[in-house]
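**Q** The residues making up each chain are set out below.
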Amino acid sequence: MTLKLDRRQVLRSAAAGAAAAFLSPAGALARDRLVIRLDRDFQNLDPAYRIGPLEANILRCVTRRLVKFKPGVVEFENDAAASIKQVDDKLIEFTLKEGMRFQGGYGELTADDVKFSFERFNQPGPGGKKSTYAKDWDALDGVEVTGKYSGRLVLKRPAPALWLIAIGDGSGCIVSRKAFDALGEKTAVQLHGAGPYALAEWVPNQRILLRADPNFVGPKPYFQEIVLRPIQEGKTAQLAFRSGEIDFTSLEPTEAAEMARDPSAAIIKKDSINYVWIGINVEKKPYDDIRVRQAIQKAIDVDQVILGAYNGTVTRARSLMAPGLLGHWADAPVVKRDLPGAKKLLADAGLPNGFKAKITVLNRPTFQAAAQIAQANLAEIGVDLAIEVLDTGTYFSSGKGDVGKNLELSLQRFGGKLDPGFQTQWFTGEQVGEWNWQRWRNDEFDRLDRIGQSTVDTKAREAAYIRMQQLMADSVAYIWLTHEVNVFAGKTWLRPSILPNGDDWQYEHFLEA
Amino acid sequence: MTRVEPGPWRYFASRVVTAAFIVVGAITLLFVLTQLVRGNPAEVLLGPRATAEAVAEFARRMGLDLPVHERLLQFFGQVIRGDFGVDIISGRPILDMVLEVMPFTLALTFSAIALAFLIGVPLGCYAATHPNGVGDRIAAVLSVGLISMPSFVVSIYLLLVFSIWLQWLPVLGAGGSGGILDQLTRLVLPTSALAIGWIGYVARLTRSSMVETLAEPYIRTSRAYGLAESKIIYKYALKNACLPTLAVLGLGTGRLFGEAVFAEVIFARPGLGTLIYTGISTRNYPVVQAGVFAIVLLFAMANLATDMAYAWVDPRIRAGLRGTSAGRR
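Just so you know, the sequences run in chain order R and W.
Numbering-wise (the working numbering), the first sequence opens with residue 1 and increments by one.
Numbering-wise (the working numbering), the second sequence opens with residue 514 and increments by one.
Treat the hints as calculated values from the structure; they're not laboratory data.
C-beta: ideal position from N, C-alpha, C; glycine also.
There's no promise every hint is true.
[To be verified] If you want the footprint, here are the derived chain R segments under chain W, 3+ residues with CB under 8 Å:
{"hint": "1", "region": "43-52"}
{"hint": "2", "region": "202-208"}
{"hint": "3", "region": "231-242"}
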């Protein structure tokens, strides 16, 4: 049979074909490059010496862990591990998948690399350097290699937080022993993992290029290239987003409304597990009198702070643990504003005319606004509150050592992690002079914290953490403000993947919507 | 064979010694100031999860356990050796970190000063040659307006107009290596933001200097000889009227190295400013010291170059130098 086509038919068919290719979803041009804003450049990509979540986010998509979080949820799935199980309170056994290769020609990922990666946290590094994250693997006694692809994590004590804080997080990233031996301290900026992306280029303070590793064994990431652009200024990031130079950025909650007016932007809000509060130094006069602390608590209008400083974009916190975390105290009391009660308490404490006070805050507009509202609130009971605004370095030393004894009120914000033990550890007696700026000590609290850190029984842990928050409430050293909200702007075509803490971005799971 | 006059060389040597004192003084001051700032750099850098041993070890590696005078001597020793050590955060040589961003700051600063000169001088000349006219008044309002506008506000508006509304220019960065057109495009907005205040300043300075010069007897004589007005203004008057502007631009170049910080931060450009800004916020003192040293050195060199250019351009200074040396002979 012969097929005869005239010129018109050929042109018609070609046009129809082109239109179909253009209009059909399958034929549409898929994006293969994503540009994400970071608020700074990375500083160290060695998992043991990383600085914060920014480095951990890069690490997690360039390397593998034994287990990793599923997209956007706190549920594990196997990553490098073909199988892994907790044999007992102090023993975890794993078997690795075969054929996973490190980038840069550093060979296959084996159990010996797992041993090297985890044990180095508790060993001095080059030049005697200690790991910044040594506490994450504090419970690890050692890793026993039982075969090329199998091994056992032997613990010194039961460590329920190990999965969330170490094995599945940044401290669980598996690096190549050979690469570290060959590169030495250069591993801080030269990362070779066995993950879905490879660190293809780094131009300091300009861009970090992650390129999908063609040799990766496992589901390929959607975007072929991810460019990370360090932009310190939030306003610049907004303008870059609007001009189309970046596709995804985090925002201050107060910036969300303005950004939402951009039709190309999809605003994503995720409740955070961080915690912001006003701490009161219980050792300093007159705050050593609980009636003074109660008066301050009754005078400060937290709802007004939420409305004024956060534009009403966040919800009020009632205790340390955010909803959704193990140990969240759902029945925590909400202290209502009571000016007559506050005045009476001050009078009972021998301060009927009030007193001069000081609050120390970090130089962020939101915190300064919150302090100003507290200042106005306290003026109503005769407390003349001065606001001390400090830059990052000075602020974070203001509660330390002997200097911390002179701290009065302080507005603080700590980042949360998914295990409650991470949150409570800063408030123990041994943290006085370090991160416990309230200088509040309680033996029962410390004992329960030790139980929480070493008990595998979830119910017992939950009870311990709720009781600890009750003790904190009784101390009146904490006025909880908010757990914050994480706000992001992404292009409408983008489907980002972010864990509930808001800090952990899963680049390998970012998709086109 | 031409005989070299000892006067100018002695002048040059004295300026170099002055520049060296400026550098040493500024760095000493920086070390003293860092002592007054609260906050343990090791704790700030390592974050809350750092163990006490890690903090102590870090402080030792940063040299923070040494007395300030020892650290100062150690730093000058590093300067003499041309080796600022290794950044303890990233493990990279600090000299490399400084050298890789320095060209961006130089490009930004010199393009800003050039822009200020190219627009400010003609504007000042025009105002001076049309005193009290409409053009002069407009130039005066424009100049004062430009001087009084904060550069960071200008930056944001430039971005809004040229990047968002018109979409002519990019917002971010310094461009890829090798793409010279891309790099120049990304230089336009930060340069304009940085130069805008200086344009007004240069215009006002040129105007007042030019008005004075135009009243000089030699200008009157030139006019009496019937020389063309354009020749009188641009060949005879401008050369002398530019001398104060030249001196100010020299100092201005030095100041712009410091002012470049905001432009680099707002336009997310790499540069010495960004390096120092990040270093200060994380208390990474070795990097801050190296960055500040580079800026102080550039400042001193700009001053030195201005002094030499001044001596070269102004025949009175040249004559004075020859006279001094002749007198000594």
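**Q** Compare the structure with each hint and give your call.
**A** Going down the list of hints, with the structure as the test:
1. Residues of the region 43-52 of chain R with a Cβ under 8 Å from some Cβ of chain W number 4, which satisfies the need for three, so the listed coverage holds.
2. For the region 202-208 of chain R, the stated coverage by chain W is satisfied: 5 residues place a CB nearer than 8 Å to a CB of that chain, which reaches the threshold of 3.
3. Under the rule that three or more residues need a Cβ within less than 8 Å of chain W, the assignment of the region 231-242 of chain R holds, with 8 such residues.
The earlier numbered hints are all upheld by this structure, with none contradicted.
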